[in-house]
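Participant: Between the sequences and the hints, there should be enough to build the whole structure, so can you do that?
Sequences listed follow chains A and B, in order. Numbering of the first sequence is given in our numbering, commencing with residue 1189 and proceeding in unit increments. Numbering of the second sequence is given in our numbering, commencing with residue 349 and proceeding in unit increments.
By construction, these hints were calculated from the structure, which means they are not laboratory data. Treat the hints with caution; some may be incorrect.
In silico lysine to aspartate or glutamate, DMTMM-like type, Cα no more than 25 angstroms apart, as pairs [unchecked claim]: (1) 403/B to 446/B; (2) 403/B to 453/B; (3) 389/B to 1196/A; (4) 1289/A to 453/B; (5) 389/B to 1273/A; (6) 1289/A to 446/B; (7) 1297/A to 446/B; (8) 1289/A to 370/B; (9) 1297/A to 436/B; (10) 1237/A to 453/B; (11) 389/B to 435/B; (12) 1249/A to 453/B; (13) 389/B to 1276/A; (14) 1256/A to 453/B; (15) 389/B to 1203/A; (16) 1289/A to 1252/A; (17) 1289/A to 411/B; (18) 1289/A to 413/B; (19) 403/B to 436/B; (20) 1289/A to 1276/A; (21) 1289/A to 400/B; (22) 1237/A to 1276/A; (23) 1237/A to 375/B; (24) 412/B to 375/B; (25) 1249/A to 375/B; (26) 1237/A to 446/B; (27) 1289/A to 407/B; (28) 1289/A to 375/B.
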Amino acid sequence: AQSVTQPDIHITVSEGASLELRCNYSYGATPYLFWYVQSPGQGLQLLLKYFSGDTLVQGIKGFEAEFKRSQSSFNLRKPSVHWSDAAEYFCAVGASGGYQKVTFGTGTKLQVIP
Amino acid sequence: GAVVSQHPSWVICKSGTSVKIECRSLDFQATTMFWYRQFPKQSLMLMATSNEGSKATYEQGVEKDKFLINHASLTLSTLTVTSAHPEDSSFYICRIRDGRIMNTEAFFGQGTRLTVV
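Facilitator: Here is the structure:
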């Protein structure tokens, strides 16, 4: 069965600083990997996804993530954080079929300070 | 614009009553719908998967008689929490996709905050 670990429950960064959110997955085959963002009381918005090909994927809002098979990781990065990035971020892994059944990590809450 | 409409966004109900949550696809045919619940400070837990015209498949530990799912059309799925109790208070989110096309994106609804008092 697939699983996802997000080691950091809560991260605080200063506005303008760089950001990296960690994600480790467990899956027997080539995974389908996602990052979602959730603002308070809202649904989830897809930031980016990895299905195959280039291991560095670009997403919306200036985010990117790198798939590292050797480390079973799919960390999310942003060079310069904006106050509006404060939200909860979820990493997810899917089985074959991409958007079918996906398993979500426990989330990382990002706080941005001025 | 939004492709999924979930209503209501929040609801408060008395213990023992039933609550219906609707999830509508606005722009495409939602052949597959997923229902999740999210407890405070926790991740999303898949409750059930439904395909249009078929009975929903429930995850282990989810009571199908308590959480009734109806996916009678390609644009609408409903989740009914029957005889709700305070422990059912949670954030419920639908996720929909057109399963006939490979690797099409699935979209989330805005979520419904259910509080049972």
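Participant: Evaluate each hint against the coordinates.
Facilitator: The hints, checked one at a time:
Between residue 403/B and residue 446/B, the direct Cα distance comes to roughly 17 angstroms. Compliance with the 25 angstroms bound is thereby established for this hinted pair. Restraint check for residue 403/B and residue 453/B: the C-alpha separation of about 23 angstroms stays at or below 25 angstroms, so the hint holds. Restraint check for residue 389/B and residue 1196/A: the C-alpha separation of about 13 angstroms stays at or below 25 angstroms, so the hint holds. Proximity of residue 1289/A to residue 453/B is assessed by CA-CA distance (about 12 angstroms); at most 25 angstroms being required, the pair is judged to hold.
Annotation: proposed proximity of residue 389/B to residue 1273/A holds, straight-line Cα distance about 18 angstroms (limit 25 angstroms). A hinted pair counts as satisfied when its Cα atoms are at most 25 angstroms apart, and residue 1289/A with residue 446/B qualifies at roughly 13 angstroms. Restraint check: the Cα-Cα separation between residue 1297/A and residue 446/B comes to about 30 angstroms, which exceeds 25 angstroms; the hinted pair is violated. A distance of roughly 21 angstroms separates the Cα atoms of residue 1289/A and residue 370/B; the hinted pair therefore holds under the 25 angstroms criterion.
Distance hint between residue 1297/A and residue 436/B is fulfilled; the C-alpha atoms sit about 24 angstroms from each other, no more than 25 angstroms. At most 25 angstroms may separate the alpha-carbon atoms for a hinted pair to count; residue 1237/A and residue 453/B meet this at roughly 10 angstroms. Using a Cα cut-off of 25 angstroms, the hinted pair residue 389/B and residue 435/B holds, with the two alpha carbons roughly 15 angstroms apart. A threshold of 25 angstroms between alpha carbons decides the hint, and for residue 1249/A with residue 453/B the separation of about 18 angstroms falls inside it, so the pair holds.
Simply put, residue 389/B and residue 1276/A have alpha-carbon atoms about 10 angstroms apart, close enough for the 25 angstroms limit, and the pair holds. Annotation: proposed proximity of residue 1256/A to residue 453/B holds, straight-line Cα distance about 23 angstroms (limit 25 angstroms). Proposed proximity of residue 389/B and residue 1203/A is supported: the alpha carbons are some 24 angstroms apart, at most 25 angstroms. At most 25 angstroms may separate the alpha-carbon atoms for a hinted pair to count; residue 1289/A and residue 1252/A meet this at roughly 23 angstroms.
Simply put, residue 1289/A and residue 411/B have alpha-carbon atoms about 19 angstroms apart, close enough for the 25 angstroms limit, and the pair holds. Only pairs whose Cα atoms come within 25 angstroms are accepted, and residue 1289/A paired with residue 413/B is accepted, the gap being roughly 22 angstroms. Annotation: proposed proximity of residue 403/B to residue 436/B holds, straight-line Cα distance about 22 angstroms (limit 25 angstroms). Of the pairs offered as hints, the one joining residue 1289/A and residue 1276/A holds, with about 21 angstroms between alpha carbons and a cut-off of 25 angstroms not exceeded.
Note on residue 1289/A and residue 400/B: the hinted pairing holds, with a Cα-Cα distance of about 16 angstroms set against a maximum of 25 angstroms. Between residue 1237/A and residue 1276/A the CA atoms are separated by roughly 17 angstroms; this keeps the pair inside 25 angstroms, and the hint holds. Among the hinted pairs, residue 1237/A with residue 375/B is consistent with the structure: their alpha-carbon atoms are about 21 angstroms apart, no more than 25 angstroms. Of the supplied pair hints, the one linking residue 412/B and residue 375/B is violated, its CA atoms being roughly 29 angstroms apart against a limit of 25 angstroms.
The suggested pairing of residue 1249/A with residue 375/B holds, with an alpha-carbon distance near 23 angstroms, which does not exceed 25 angstroms. Taking the CA atoms of residue 1237/A and residue 446/B, the gap is near 18 angstroms; set against the 25 angstroms cutoff, the hint holds. As the CA atoms of residue 1289/A and residue 407/B are separated by approximately 11 angstroms, the hinted pair is consistent with the 25 angstroms bound. Pair hint residue 1289/A plus residue 375/B holds up; C-alpha atoms about 22 angstroms apart against a cutoff of 25 angstroms.
In summary, the numbered hints that this structure violates are 7 and 24.
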